[in-house]
Each structure stands twice: as structure tokens, then as C-alpha cells.
Amino acid sequence: MGRSSLPTITLLLIISAASMFSSADAFSPPHHARHRRRYSATSASTLLASSKRTVEGPPIATKPDYSSIHGPLGPFVDSTLMSLFRVKLSEQLNRSDNAVRIPDSKLALNDFMGIVELTSSMNSQYNNRTQVQELAREVLVSLFPPFILDRFPSWFASPFPDFSAKLCAWATVVGGTWLMGECEVNDVPEMDNGGKNQGVLVKRCRFIEESQCASICVNSCKLPTQNFFVQNMGLALTMTPDYETGECQFAYGKLPTEEEEREARETPCLMRCPTNGGMRSWHDDTGSGRELWLKDLEALSKLNGAKDVSVGSSCSLMED
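In my numbering, the protein residues as written are 228 to 547.
To be clear, the hints were calculated from the coordinates, so they are not data collected in a lab. Just so it is clear, the structure is predicted and the values come from calculations on it, not from any experiment. There could be a bad hint or two in this list.
[Said to hold, decoys possible] Pair by pair, the computed Cβ-Cβ distance ranges are:
| no. | residue 1 | residue 2 | range |
| --- | --- | --- | --- |
| 1 | E486 | R378 | 26 to 36 Å |
| 2 | P299 | S323 | 31 to 41 Å |
| 3 | Q358 | V314 | 29 to 39 Å |
| 4 | E486 | S385 | 21 to 31 Å |
| 5 | N321 | R280 | 34 to 44 Å |
| 6 | G421 | P302 | 28 to 38 Å |
| 7 | D419 | A335 | 38 to 48 Å |
| 8 | D419 | K290 | 29 to 39 Å |
| 9 | A326 | G301 | 38 to 48 Å |
| 10 | D292 | S381 | 40 to 50 Å |
| 11 | F303 | Q358 | 26 to 36 Å |
| 12 | F374 | A288 | 17 to 27 Å |
| 13 | M340 | S385 | 37 to 47 Å |
| 14 | G301 | R280 | 36 to 46 Å |
Each residue gets a CB set at the ideal place from its N, CA and C atoms; glycine is no exception.
With the hints as extra help, turn the sequences into a complete structure.
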């Protein structure tokens, strides 16, 4: 099976399976998940964090064993999707026309830390956050054949917005558990239509957990993913990470408000951030922190341990 054919087959499988259901309840998570968390546009911990200089994050002692968490299609499919994503990420970062060419990690294709290493390098070697966001969005674009991206907005998102939101929420759980960890479809009651099964709750995000950097989360995941769905899929999406708990709430069919995006950018650094807060000076290209950050590039890419540090402000990588 060619690499380019896998996204096509996966999406067609998802769409075919989804079309078999005749009611919105068909997109409900398993019956044993009786206590599904409801969507909250702004969590109390996020508001509290915005007034702090740092966010402690969830306890390391309770970190899940992500290697034992698999999506509904099983570990083989998860490993295949991880390898495909890694290949596309590496190809995008090492293009000959890039301002900075970043070589692939030496770790195995199905080693999650290889993706973290590449993503960290992308953030460390591009001091323009908009470039980082666009590179990450283009990786998502490269995962899908053009005919899917050309037709999904007009065939699904525009005429059937609620169905498309439910479909994407279900597909996120099916195809994204390897990246995010345990997650489930839930409701977004704040939406005008009730948001039945249009959300995904990530219980403790693997990407945040392994990168330990709020800036990398916002600029390599949250904003690029939202932009991808709006620009390329024709479907609104709001992602609300909670750095105190490690949770992240997806809300398909909902555009982020200015307040929600401002709160995301104002999130302080994580105390265990491997950059020690230096990335904000690097991305603004000001202050002595830039020199410190340049010296710490190798340490960032290898993620050699975590330190509790106190930083003076929210990460400027997230500021306008």
C-alpha cells in the first residue's frame, strides 16, 4: 500500500461507516462511558492560569502509559498513522525551498518522540510563529489527497454542517488517539444547535505531555489545526487546551471567539518546559534570552529532562 493511498482509504472507511448510522446517537461514545464530560468554553483552571506566571501542569506521577492506549482500530493502525505523519512532517520540514531545512530525526518512524523532536526543532529554528503555524498546517494538508480537500467543503461541510461536525469528531477519536492519548466524543451544549456529539474531549494530551511546552502546543497544534479545518475542510473548529489538567476540548462547528484565542495566547509557560522560558525571547528576537535560547537549542531538541522554573510573563510566542 502506498503512503499516499492510506489517508484516502482511512477517510473513505470513516465516511462509509458514518453513513450507516441514521441518527445522531450513533456517534455516541461507548455505553460504559457514563460520565461524559460536558464542554466548557472557558475552564476555571484556564482563567486561574492566566493570572499566574507559570502553570504547574498535571502531576508527573499520574502520567498515563501512552504506549498502551490505542484507538478503536488497534495498535497496528495507530503505528501506521504515526509513521505516515512522521514521514509527512519530515518531508515538509526538509523541503529545498524552506528558509530553514530540518533533517529527519534518527529515531524510529513509529517512535512518538521523533515527532516531538521534529516539532521542537521547527519551533526552535523558526523565530516567526506565523511560519511555524503555516508549516504545521501544510503537514495536515499533505496527509490528504487533493480531491478530498477539494470536495469535502462543498459536498459535506457546507450542505451538512452538523453531520460533518459529528463525522470529524468521530474521525478524530478513530484516527487521532495515537497522537493525543485517551479521548472520547462529547457534546458542546453552548452551541446554538446544542452541539450533540460535535466535541472531542482529550483527557490528558500526549503531545502536551511529551513536549511540555505551551508555545509548541498553540503554534504547532491548536492554531494550525483550527486553520486547517476552516481553510481546507470548510468546517469551523475551536480547540481549548487546559494546561493545568492536560485536557483539550475540541468543538467542531464552532469558531473560536477573540476572547478564547487571547486566553490561549496568554497562557503562561509550563513549569517543566525544557526551554526554561527562553523561547519567548527567541521568537521576538529581543533580549538576552535569545542568546540563552540559541545555546539551548540542542537541549531542546533532545528534551533532556525537565526543570521547575519561574518565568516573568506569558510566552510572547503566543502574543500578537
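Each hint, compared with the structure:
| no. | hint | in the structure |
| --- | --- | --- |
| 1 | E486 <-> R378: 26 to 36 Å | holds, 34 Å |
| 2 | P299 <-> S323: 31 to 41 Å | holds, 39 Å |
| 3 | Q358 <-> V314: 29 to 39 Å | violated, 21 Å |
| 4 | E486 <-> S385: 21 to 31 Å | holds, 27 Å |
| 5 | N321 <-> R280: 34 to 44 Å | holds, 37 Å |
| 6 | G421 <-> P302: 28 to 38 Å | holds, 35 Å |
| 7 | D419 <-> A335: 38 to 48 Å | holds, 46 Å |
| 8 | D419 <-> K290: 29 to 39 Å | holds, 38 Å |
| 9 | A326 <-> G301: 38 to 48 Å | holds, 39 Å |
| 10 | D292 <-> S381: 40 to 50 Å | holds, 43 Å |
| 11 | F303 <-> Q358: 26 to 36 Å | holds, 35 Å |
| 12 | F374 <-> A288: 17 to 27 Å | violated, 47 Å |
| 13 | M340 <-> S385: 37 to 47 Å | holds, 39 Å |
| 14 | G301 <-> R280: 36 to 46 Å | holds, 43 Å |
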